[in-house]
Amino acid sequence: MSVRDTDWDGVRLHVVTGKGGTGKTTVAAALALALASNGKPVLLMEVEGRQGIAQLFDVPPLPYEERRVAVAPADDDRPGGDVFALAVDPQSALIEYLEMFYNLRQAGRALTKLGVVDFATTIAPGLADVLLTGKAAEAARRKTGGGPVYGAVVMDAPPTGRISRFLNVSSEISGLAKVGPIRNHADTVQKVIRSGQTAVHFVTLLEEMPVQETLDGIAELKDVGTGGIQLGGIMVNMVRRGWNELGDADDARGHAQALEVALKAAGLGEDARLAADLAAELADEARTEKTQSARRRTLDTAGQPCYELPLISDGIDLAALYRLAKALREQGAA
Amino acid sequence: MTAKKALLSIDKLIDDRRTRIIVCCGSGGVGKTTIAAAIGLRAAERGRHVVVLTVDPARRLAQSMGLTVLDNTPRPVPGVGASNAAEQAADGSRADPPGSMHAMMLDMKRTFDEIVEAHADPDRAAQILANPFYQSLSSSFAGTQEYMAMEKLGQLRRADEWDLIVVDTPPSRSALDFLDAPQRLSRFLDGRLLRLLVAPAKLSGRTGLRVLNAGFGMVTGVVTKIIGSQVLRDVQTFVSAMDTMFGGFRERAEYTYRLLRTPGTAFLVIAAPEHDALREASYFVERLERDGMPLAGLVLNRIHRSPAARLSAARSLAAVEALQGLPDGESSALAVTALRLHAERMRQAATERRLAERFTAAHPLVPVARIPAQPEDVHDLDGLRLIGTAFSD
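In order, the protein sequence lines correspond to chains R and W.
Going left to right, the first sequence walks through residues 1 to 334 as our numbering numbers them.
Going left to right, the second sequence walks through residues 1 to 393 as our numbering numbers them.
Read the hints as simulated data drawn from the structure, not as lab findings.
The beta-carbon is built from N, C-alpha and C at its ideal position, and this holds for glycine as well.
Mixed in with the good hints there might be a few duds.
As the list claims (entries may be wrong) - With the C-beta cut set under 8 Å, the calculated list includes, among others, these residues of chain W facing chain R:
hint	residue
1	Ala277
2	Leu323
3	Ala338
4	Leu365
Next comes chain R alone, as it looks inside the complex (with noise of 0.2 Å):
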């Protein structure tokens, strides 16, 4: 059995954020596959109430309850892990932490009824961050006689805009709750997030908002300061084919005469306006390689390891996860 490398050995609690419309909960499916194929089970969740894991894996909406969606494709001689896959509720997380540390498990099923628990998330804004953050680091840090129950967790976390302060929860607390049981759980928490088992990777397209969003929130979590949150890779989604041969073919005149000889060689007769329409479709492409490759160079700044996943342009099935999932691998990600 090979052991293999990778950019984040060591991390068990990987957090994937990213712009909205960018495919987050698609990479962090397919980041999950590829951690699974080490062998080990692999928990994926989100924290959203979008049931955007079941929509993905085609499955009936995810209960507050671990479940099997997936298996990840075997790597060389040794059989795939387990995905399994949680929608986590502020609610239903609650009522378990009450559950786990006041055996408030009848008193709970009341509150809901009253609408107490709906109450204090909402009042507490940060609370509701806590129990989520809480529920992965659990997850992360669950064990059985042999060892951890997962070999990683992955986090379909918020957008880039809300990730560090969804993170910073132990700060965010403090301006609700100075002591008290809240507070000490966001302690524990917070060391979690704020260790080497935890990285937070961007997802990102090569568009102009999204980059920059990423740029952004990299700074922003820079700033979390004492402790420092990990930063991860940045996952390039959706990335069209390149056509770097394409140099300056901007030059869309000078190219349409050159064309038209080729074309009627090609056996596509004499045809100018074709020609024309050819070099400046070329012309077009070329700036569009232009400016995403600008894109690359400032994503390059961020100084994180860039990983690219290719464009599936009909729809994700479990199939082309398993090719973003091998191309995460391949690239090292996982």
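Fit chain W to the known structure of chain R by using the hints.
Just chain W, lined up with the frame of chain R:
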């Protein structure tokens, strides 16, 4: 033989003076804000007095409109309509009466503060603004942004200084959130539970409520355990200070909701020709129809069209093979690249068409506008104008 496709003309929509509000909605990353700005500019240059209300803190968008800042106050966009009317009048080249364009970005905390300041006496307002619970509610409660966007929209409409308001919706986790969030917030602020929970003193004065009160004692106990007594005290202070304003919150949310349902409002659902974005667009269209909201149509943004569409992908690839079969030197590397690229573009266009047709099959009556993808980012008004040229279809 296919049924005639319903086309959406954005120009017709903005030229119709009865259109007073255009709401651009859709999932994140589909270009809502840019489309909203392009619509605003186009409408202003066709004689409307427009204000664009955006919730997206995109610096580049501000820059592209020649503004150094976008804030909670509508700022005139230089180089549009009335602001350069003098020039135009001087050379007499313009027949249309000049319009104007203002732009602003929603500051949800500022907007909330203003409501408080407007509806409470100065002492009480200061007390509310300093309350830690108010501060967390006004800056981070999920739903506040949506609520305040609707509040701002209502304010702009009441001010009646503009004859067209273009608004893009907050980048919610789901495109549907902004319809529900205002009611969620007003329900919460207005809620019986909130009042009962924070005012047990009022209750205990009355007889017959003792049992209930004991139950609430337990509830308050648990809540205190969870969030700490300080928070609960802050909430209590906040609620008693805000007491007179609560009814207003529901009233205002309902006013804006009704405003959205009037025929003067047009909803545009923006989507990219991608699987997920179109699925969200479908949900959104269904929701708008169910709520009786005036849906104008779907805007398919960033579609790829080939200028050489008459050459199919198959023929293009056959030509590549033919070129490669020629003796060396005669085949042109440039032509091979151009033909391969063309084949890929044609395939991409076909995929986008198929995805769009799936949407149309499910919603045959929803008109569709198509906006081509731009190879470069929008940096200035000309970039926005270029997008606007597609509105004439």
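Results for each hint:
| no. | hint | result |
| --- | --- | --- |
| 1 | Ala277 | holds (7 Å) |
| 2 | Leu323 | holds (5 Å) |
| 3 | Ala338 | holds (5 Å) |
| 4 | Leu365 | violated (25 Å) |
The structure fails to meet hint 4 from the earlier list, while all remaining hints are met.
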